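Q: The lines below spell out each chain.
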Amino acid sequence: MRKSILNILAFLGGAVLLSLITPVQVGHTGPDFSLQASLLVLLGGLGGVSLRLWLLQRRKGREREANLALVVRTVRRIHLLLAERNGRDELIAGICRILVDEGHYFSAWLALINREGALACCAEVGLGERFSRVRQGMGKGIFPACAKKALSGEGLVVSDPASRCAGCVLAADDVDRVCFTVKLSYHDQAYGLLSVSTSAAREHNREEQRLFAEIAQDVGQALYLMELETQRAISENRFRELVENSLAGILLIQDEAIIYRNPEQKRLFGPLPANFRPDAFTGVHADDLEKVKAAYGRVSSGAAASVDVDFRFYPQRQADGAQAMKWVFCRASRIEYQGRETVLVSMIDITRNRELERIVRVQDKMSSLGRVAAGIAHEIRNPLSGINIYLDTLAKIYERGEKMETVGEIINQAQNASEKIESVIRRVIDFSKPGQPRLLMAEVNQPVENALALCAVALRRDGVELEKNLARDLPRCLLDASLIEQVMVNLLSNAAEALRHAEAKRISVRTALENGRVVIRVGDSGPGIQEGLRDKVFDPFYTTKSDGTGIGLSLCQRIINDHHGALTVEESAWGGAEFVIALTTEPEQEG
Amino acid sequence: MDLFARLQGMKVLLVEDDQWIRDSLRRFFANENCVLMAVESGEDALEVIKGNGCDIIIADYRLPGMNGLEFLKRAQDINARVKKILLTAYMTEAVISEAFRLGVHEFIEKPFSTEDLEEALTRVLEKKITANGP
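Protein chains in written order, with this note's numbering: chain A, 1 to 591; chain B, 1 to 134.
In case anyone wonders, no lab produced these hints; they're calculated from the structure. It is possible that part of the hints are untrue.
BS3-like cross-link-like pairs, simulated, lysine-lysine; straight-line CA separation at most 27 Å [claimed, not checked]:
no., chain 1, residue 1, chain 2, residue 2
1, A, Lys505, A, Lys536
2, B, Lys127, B, Lys73
3, B, Lys50, A, Lys396
4, B, Lys11, A, Lys403
5, B, Lys127, B, Lys50
6, B, Lys73, B, Lys50
7, B, Lys73, A, Lys505
8, A, Lys266, A, Lys293
9, A, Lys396, A, Lys420
Just so it is clear, the structure is predicted and the values come from calculations on it, not from any experiment.
Just chain A, same shape as in the assembly:
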């Protein structure tokens, strides 16, 4: 209507103007005049309309230019906002503010939804009180019609609030306006909605709509990145929490410097000087130094991805001067941390375990000794009786002054008996001597012989027939002789125990080289161990003896494991049990 009137006015204006500037034949009358005048008026009118159209076009072009500049500025502002990486709430409020304050939108609202489609949070500008009802509704899962449509489909939803959204609170009083609503999504994941209201004139402005959809796309991507960042932060937090609260001491080494220690590690190692170099191995027990150096070298050089090693060390002196030795089990692995080669060292405090283990070992030794005590007593009492008899004989010779020529020989025999007693006592003391296991290259037959000597009398008295077959020229093994002896005494007295009610009482002890391993076999002719129980006998506290504690075999296995060997049980040639100790002939590689 308005356009038509303007067009007619332009037509009339043009016609009048042309009539005025063309003063010819004024005063003439007749058909000639009227035809000429009509043509002029028509020409002037058309010129007027063309001028109007040209002016209109120019104005539209300028408007479009200004509009585009505005949109671009808005997009740029939004990008800057996205780049600021603010929190989620700040971001969505900021987007609404920019769209309204800097763009040409009357109002804007933005709602974020979670994975289940429920409202997570929302923001608005330009709607005020009216929005709070929508917010409440969305909180209960009731979204406006345009929002539902946008969420369920692709692309922009254009709606005219006044005519098509009757009943929508956002539409009240909005005359001559149009709403654009679009889903904020990235890679098929919907993050929320963005809705703006603008002049109805833009209802068919495709360019405008396309730009708005692009803004929504950028926001969707930003929300995706934000979610990623949040997840990363959560997982990093969780990881940090895990590390910080870990019962294991954890430290990170980069370029031979410690870059991180968790609280447990700080508790274990105590304060470290600023210039502390882990590769100096300060405080590591001298006996473990070589082992630790070798293990660390293998990881830091890349020869192994991960190594396990246990070692003793003296923590840095505390403020109170206390410096108790600690024992840790430690795993070192190569990892990439912050894009760099890093050695991750985690360690647990096994000081208490080792202490208890030591006590158990000592107790086990004592109980083993108890089991062979009768034999040992015999071994001491017999030569002692001999000495007594020799002394009495000497006394009589002295009294009578006869047979003086035999004195020398008698004294010699008494001395031999005394030496025998001394050797028995030494063996007992060596056996019960507490101490940390020290693995040295040694002959395996020696501790086997020692154990047999300790048990020999007890076995003979029990009527056990012993078959001994020790291979000569066995390769040396890394072993702690006193521990192997302890294991052997345990196995021998177990075997003797198993033979208590057996008719044929036989024990065989053999050493041999089998498949590159030095093997000690202790077999008996007892009832044997059922197949199903063969693993169970090594369980701590498993026992079939009414007076036993059961710790013996589990400790034996532990000791052999410490030797990087294996203790297993098989069936002996006589159908009884045969315990097999297999030891490696080369020092086992760590890791």
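Use these hints to put chain B onto chain A, whose structure you have.
A: For chain B alone, kept in the frame of chain A given last:
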């Protein structure tokens, strides 16, 4: 009459697996101009008894193979009048009652001195030995 003077005409057998005791007692008896036959096991001792005869047996309780009591029982079967002395490192009720049942005349607890042995031998010789047991 002196103990060893009386023992000179007697056959004394020691059954003891320990070399120290065998050697030292043999030496002690030799010093008294007496002969002590000393063997290691019950089996060997039975051979001696069967072959040479025997008046007094001094046997250890724990012996390889058959134990001292079992040996004494068999020795008794061969010679009911033999005098029996049991050597032992552990005097348990069970061993003592079994020994009494067998008619063991004396016990000597290890470690022992020659005095203990002399006393036991003296008492054994003074006792009027009657065959008791099966």
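Q: Please go over all the hints and tell whether each is borne out by the structure.
A: Consistency of the hints with the structure:
Annotation: proposed proximity of Lys505/A to Lys536/A holds, straight-line Cα distance about 25 Å (limit 27 Å). The hinted pair formed by Lys127/B and Lys73/B meets the criterion: a straight-line CA distance of about 20 Å does not exceed 27 Å. For the suggested pair Lys50/B and Lys396/A, the alpha carbons sit about 34 Å apart, so the restraint of at most 27 Å is broken. Taking the CA atoms of Lys11/B and Lys403/A, the gap is about 23 Å. The hint holds against a cut of 27 Å.
Simply put, Lys127/B and Lys50/B have alpha-carbon atoms about 24 Å apart, close enough for the 27 Å limit, and the pair holds. Distance hint between Lys73/B and Lys50/B is fulfilled; the C-alpha atoms sit about 14 Å from each other, no more than 27 Å. Simply put, Lys73/B and Lys505/A have alpha-carbon atoms about 23 Å apart, close enough for the 27 Å limit, and the pair holds. As the CA atoms of Lys266/A and Lys293/A are separated by approximately 21 Å, the hinted pair is consistent with the 27 Å bound.
Between Lys396/A and Lys420/A the alpha-carbon distance is near 25 Å, which keeps this suggested pair within the 27 Å criterion.
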